[in-house]
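Work the whole structure out from these sequences, hints included.
Using UniProt numbering, you'd call the opening residue of the sequence shown number 1 and step up by one each time.
Keep in mind that the hints were calculated from the coordinates and are not lab data.
In silico EDC-like pairs for lysine to aspartate or glutamate, Cα to Cα no more than 16 Å straight-line:
(1) Lys168 / Asp102
(2) Lys168 / Asp6
(3) Lys65 / Glu36
(4) Lys88 / Glu131
(5) Lys88 / Glu124
(6) Lys107 / Asp6
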Amino acid sequence: MTVPYDVRRCRVVLVQPYYEGNVGSVARLMRNFGLEELVCVRPIADILSPEARRLSTHAWPILEKARIVDSIDEALEGVAYALCTSAKVAGLYREQHYGRPDELLPKLVQVLPSASTALVFGPEPHGLSNEEVARCHGVIRILTENLESALNLSHAVGICLYELHMSKLRLQGTAQGSTRKIATFQEQERMFQHLQESLEALHFLFGQRSDSLMNAFRQLIIRAHPTHAEVKILHGLARQILWQVQHGTPLEQPIDLDSPPEENS
1 MTVPYDVRRC RVVLVQPYYE GNVGSVARLM RNFGLEELVC VRPIADILSP EARRLSTHAW
61 PILEKARIVD SIDEALEGVA YALCTSAKVA GLYREQHYGR PDELLPKLVQ VLPSASTALV
121 FGPEPHGLSN EEVARCHGVI RILTENLESA LNLSHAVGIC LYELHMSKLR LQGTAQGSTR
181 KIATFQEQER MFQHLQESLE ALHFLFGQRS DSLMNAFRQL IIRAHPTHAE VKILHGLARQ
241 ILWQVQHGTP LEQPIDLDSP PEENS
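Rendered as structure tokens:
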């Protein structure tokens, strides 16, 4: 059985891109490798400028159709699995969840048969913030010589899209793709908010390490690519914790696995 690894299900997200030429080059690379959806978060660059058009070559329609949004959460709407790039590896989250393109991109390709995905790239001057990185399921680090670890935006995109393409070719014709209905980014975020609220009420999360501990919980769960039903179960757990803390007795209400995840929050 052939699994449809449709790379059009992978969107490219540029967070605050600064230079028109880079945006145009990214569009051209997307056309080279079959991707169509470009999302720009608060762009500094004019993505429809003559310079962007010149560098995009035949990929001008990608720029014309590109969406401009205000936040990374909005950019990841409908996405079940997202990877970002970063030259920085300092910090607990980045250290624990970074990998080379050839290590992480096959995981993204395996999600394509059942869900939308995203590749997220940060601003040219300073890259993504820790909060933006934590919204993603893994951090791609492109190894270079130590003299200069930060790549030009379009170069980083080119390397990632090439490896995405090669991962697709390696998996093509196999049945290794996931057909599980993975919960969307928004469904997972609602669940994480509900779970955080319950763990704070239980005083499991408190003090200076609460954010890093919650991030550890997030990564423990998102690495499993939770389905709609599994997200509902976690909503049920959070609801039981809150009820027990507030009333001192268990809530005797079964989890409805047939309802949308948000109805269990």
